[in-house]
Amino acid sequence: MEKEIIQVKHISKRFKVSKREAGLKNAIKSFFKRNYKIINSLDDINFSIKEGEIVGYIGPNGAGKSTTIKIMCGILVPTAGECIVNGFIPWKDRKKYVKNIGVVFGQRSGLWWDVPPIDSFELLKDIYEIPQKQYEEKLNELMEYLNLQDIINIPTRQLSLGQRMRCELASALLHNPKILFLDEPTIGLDAVSKLALRKCIKQLNEKTNVTIILTTHDMQDIEALTERIILIGKGKILYDGSLNDIKNQYNENRKINLKFKYTDKIINLPNANILEQTEESASIVLKHNDESIADVLNELTNQVEVVDVSIEEMSTDDIIAKLYNELKI
Amino acid sequence: MKLYFKTVLMNIKSQLEYKKAFIISTFGSFLITFLLIIAVYFLFLNFNQVGDWTFYEVAFLFGLSYFNFSLAEMFLRGLDHFDETIRNGEFDRLMIRPQNLLIQSICMEFDLSKIGRIVQTLIVLVISISKINIDWTKYKILVFILMNIGCFIIFFAIFILKATFCFWTINGLEFMNILSEGGKKVAQYPINIYEKWFRLFFTYIVPFGIVNYFPVMYLFGKSNNLYFGITPIGTIVFFVTCIFIWEIGVKHYESTGS
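Same order as they appear, the protein sequences are chains A and B. Following the working numbering, the numbering of the first sequence begins with 1 at its first residue and continues without gaps. Following the working numbering, the numbering of the second sequence begins with 330 at its first residue and continues without gaps.
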C-alpha cells in the first residue's frame with residue numbers, strides 16, 4: 001500500500017475578529033472596548049493524501065482553502081486538531097519541515113523582482129543549503145521540463161506571467177521537495193500558457209512522483225490534472241472523491257439538437273424524450289446519462305435524414321456552480 | 330552571515346537597475362543630515378554652549394548617533410519597512426523558508442542610498458574628533474569602538490521592536506518612531522542636559538545614556554571613572570529583551586495570520 005504522506009485529523013481554526021459599527025462615535029468606542037466575534041474558519045477538517053497523488057482542493061472564496069494550506073505549510077497553528085505531513089508537525093520544527101515542501105502562490109511572486117530568475121535560483125540554493133552538484137542536476141532537469149533556457153537570464157519583471165509562473169514552479173522545486181502546494185497557479189494566465197503549465201505540472205508529477213495539492217477556481221485545471229477533489233465550504237469538508245462521480249450526479253441529462261431534411265414523420269426513440277419537433281429540426285434529451293449517444297444517433301439516422309447534430313452538455317463550471325448552490329456555500 | 334551578504338548583493342544589483350533614482354536618493358540623504366548639523370551650528374553661534382558642552386563635543390555626539398542610525402537604516406532597512414512585508418503577505422513566504430525569520434526579514438531590503446548619510450555623518454565625526462582634545466590611549470580607542478557598537482545595537486533593537494509591533498497592527502507605526510527618530514535626536518545631546526525622568530528613561534529603559542553620556546565623559550576626560558568606558562556593553566540586555574519580544578510577536582502571528 002502506498003504511504004500516506006499527509007494526514008489531517010480534526011483540524012479546527014478559530015479567529016477572533018474585532019467587530020465595529022460604522023461611524024466616528026463607534027470608532028472611538030471600540031478604541032477603548034473592543035467587541036470580538038469568533039469566526040470558525042475551519043471546523044473539524046479530516047483528510048489524508050497518498051504519496052505521489054495530485055489532489056484538487058476546491059471551494060468558493062472564503063471557504064477556508066488558504067487557511068488549510070497555511071496550516072499545512074506551517075504558517076498557521078490550528079486551534080485544535082492534528083496534522084502530520086511527511087512525518088512532521090508543520091508548525092513545530094519549522095526550519096526542518098519546510099525543507100521538504102515547495103509552495104507556489106499564484107498571486108504572489110517568490111522570485112526577486114528586479115533580477116533574472118537564475119539569480120533568485122542561486123540565492124535559493126543557499127537558503128535551502130542545496131549541495132552544488134545536486135543543484136546543478138536539478139536545475140538542468142527543471143530547465144528541460146519547464147523550458148526555461150531562453151527566459152532564465154531576463155529580469156523577472158520583464159517576463160510575461162506565463163513565463164514567470166514556469167520560473168516560480170522551478171523555484172519551488174529546486175530543493176527537491178516531496179510535497180508541492182500550488183495555490184491558484186493558473187490565475188491570470190492566457191489559454192496557451194495555462195495548457196503549457198498544466199502539462200508541466202502533470203509531467204513533473206509523473207517523473208518525480210512529487211505529491212501535489214492544488215487549489216484553483218479553474219475546473220479545467222482539475223480536469224487536466226487530477227481525479228480526486230476535496231471540496232470545502234464554510235470551513236467544512238463537503239466532498240472528498242472523484243470529480244467524475246460529482247459530474248455524473250449533478251450533470252443534467254445531455255441534450256441533442258438535430259437538423260434534418262423535411263419530413264412529417266414523428267421521431268420515436270426508446271431511450272430519449274423528444275422536447276420539441278418541427279418539420280426540419282428537433283431537440284432530444286437522453287433519459288439516462290449513461291446512454292450511448294452513438295446508439296441514439298444510429299437510431300435517428302434510420303428514421304430521418306440528418307443534416308446537422310450538436311450535443312449540449314453542462315460544463316464542469318456549471319456543475320460546480322450548481323453544487324455550490326445546492327450545498328448553500 | 331554568508332547568506333546575508335548574498336542577499337545584500339542581490340539588493341544592490343536591484344537598486345543599480347534604477348540609476349537615476351539611486352543617485353537622487355543618495356544625494357538627498359547626504360543633504361538632509363548636512364542641513365541638520367548646520368542647524369546645530371547656528372544654534373551654537375547664538376548660545377556658545379549647551380550646559381558645559383561645546384559645539385564640537387555636541388557635534389561628536391550628533392555624529393555618533395546619526396552615523397550608527399544611518400548604518401542601521403542601510404543594513405536593517407527590511408525591519409524598518411517590515412509593515413510592508415506583513416501587509417503584502419511576504420512574511421508567509423519567509424515562513425516557508427528554512428532560515429531564521431528575523432534574519433530573513435532584515436534581508437528583505439538593503440538601502441544602499443543611505444551611503445550618502447553615512448559618509449556625511451562620518452565626516453562630522455572625524456572633524457569633531459580632530460577639534461576636541463582627547464588623550465588617545467588604547468583603552469580610549471576601545472571605548473570609542475564600544476560606543477559605536479553599543480549605539481548600533483540600540484538602534485538595531487529599536488528597529489526590531491518597531492517591526493515586532495507590526496505583528497499586532499500595521500497602523501500606528503508613528504508611535505514606534507518616537508523611539509527610533511526620537512531616540513536618534515535625544516542621543517545627539519548629552520543626556521545630563523535633560524530633565525531627570527527623561528534622563529532615567531533614556532538610561533534604563535532605552536539605554537542611550539550608556540552609549541553616549543557615560544563613555545563620552547570618560548573619553549573627553551570629564552571623568553576618570555574607567556567603568557564609564559565600558560557601559561555600552563549593557564546594551565546587550567536591551568537587545569536580548571527585544572529579541573524575546575520579537576519571538577512573542579512571531580507566536581502571535583502564527584495564531585492569527587493577520
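Quick caveat, the hints were computed from the structure, so don't treat them as lab data. Any given hint could be a false lead.
[What the hints assert, rightly or not] Short, incomplete list of chain B residues facing chain A, as computed with Cβ under 10 Å:
| no. | residue |
| --- | --- |
| 1 | N340 |
| 2 | S354 |
| 3 | T355 |
| 4 | I425 |
| 5 | L430 |
[What the hints assert, rightly or not] Result set (SDA-like, lysine to any residue): computed pairs, CA atoms no more than 20 Å apart in a straight line:
| no. | chain 1 | residue 1 | chain 2 | residue 2 |
| --- | --- | --- | --- | --- |
| 6 | A | K236 | A | Y97 |
| 7 | A | K99 | B | I366 |
| 8 | B | K342 | A | P155 |
From a predicted model like this one, the values you see are computed outputs, not experimental measurements. From the three backbone atoms N, C-alpha and C, an ideal C-beta is built for every residue, glycine too.
Hints versus structure:
1. Annotation: B:N340 was flagged as interfacial toward chain A, and the flag holds, the nearest CB pair being 9 Å apart, inside 10 Å.
2. The interface hint given for B:S354 is violated, since its Cβ lies 16 Å from the closest Cβ of chain A, which is over the 10 Å cut-off.
3. For B:T355, the interface hint is violated, since its Cβ never comes within 10 Å of a Cβ in chain A; the closest pair sits about 18 Å apart.
4. Taking 10 Å as the C-beta cut-off, the interface hint given for B:I425 holds, the closest approach to chain A being about 5 Å.
5. For B:L430, the interface hint holds, since its Cβ comes within 10 Å of a Cβ in chain A; the closest pair sits about 9 Å apart.
6. Of the supplied pair hints, the one linking A:K236 and A:Y97 is violated, its CA atoms being roughly 26 Å apart against a limit of 20 Å.
7. Proximity of A:K99 to B:I366 is assessed by CA-CA distance (about 50 Å); at most 20 Å being required, the pair is judged violated.
8. About 11 Å separates the Cα atoms of B:K342 and A:P155, which keeps this hinted pair within 20 Å; it holds.
Of the numbered hints listed earlier, those contradicted by the structure are 2, 3, 6, 7.
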